[in-house]
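Participant: Sequence:
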Amino acid sequence: MSEPEVVRQIRADVAWMGGDGRFVALTLSAPESLPLLLADSAALVWQVLTDGPQDESDIVARVAAAAGVETEVVAEDVAAFLRQLERLALVARTAPT
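According to our numbering, the sequence shown is numbered sequentially starting from 475.
Just to be clear, a hint being listed does not mean it is correct.
To be verified - Label pairs and their in silico Cβ distance ranges: (1) E506 with R557: 27 to 35 Å; (2) L508 with S531: 24 to 32 Å; (3) A539 with A513: 17 to 25 Å; (4) T568 with G492: 35 to 43 Å.
These aren't lab readings, by the way, just hints derived from the structure by calculation.
Heads up, the beta-carbon is just placed ideally off N, CA and C, and yes, glycines get one too.
Based on the provided sequences and hints, a complete structural model is requested.
Facilitator: Right, dumping it as structure tokens:
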């Protein structure tokens with residue numbers, strides 16, 4: 475049996491605002507953090523994350539659907555971007571429920 479995917483979600487200590495293809499996010503618990511502008515494909519990923527905790531395959535599928543492409547086209551880039559958001563302390567990994 476395969477292990478369940480890790481769920482990702484926007485961290486509770488992140489303030490964000492935006493819409494219409496542009497978002498700004500900031501980690502409030504890190505005084506040295508700077509606001510991050512998310513636009514274009516980054517905004518698509520963030521928009522999906524605003525709907526709450528999801529596993530990577532669901533995030534990829536929703537981003538692909540919004541972009542009008544097959545999941546294979548965006549899977550690697552979305553996974554890399556999620557890892558980047560984790561390093562920036564904007565997104566957290568949680569165990570599946």
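Participant: Could you run down the list of hints and mark each one as holding or not?
Facilitator: Verification of the hints:
1. In this structure the hint that E506 and R557 lie 27 to 35 Å apart at CB is violated, the actual value being about 20 Å.
2. Taking 24 to 32 Å as the suggested C-beta distance range, the pair L508 and S531 conforms, at roughly 31 Å.
3. Hint check: A539 to A513, Cβ distance near 19 Å, so the stated range 17 to 25 Å holds.
4. Distance hint check for T568 and G492: the Cβ-Cβ separation is about 23 Å, which falls outside the suggested range of 35 to 43 Å.
Going down the numbered hints, you'll see the structure goes against 1 and 4, while the others check out.
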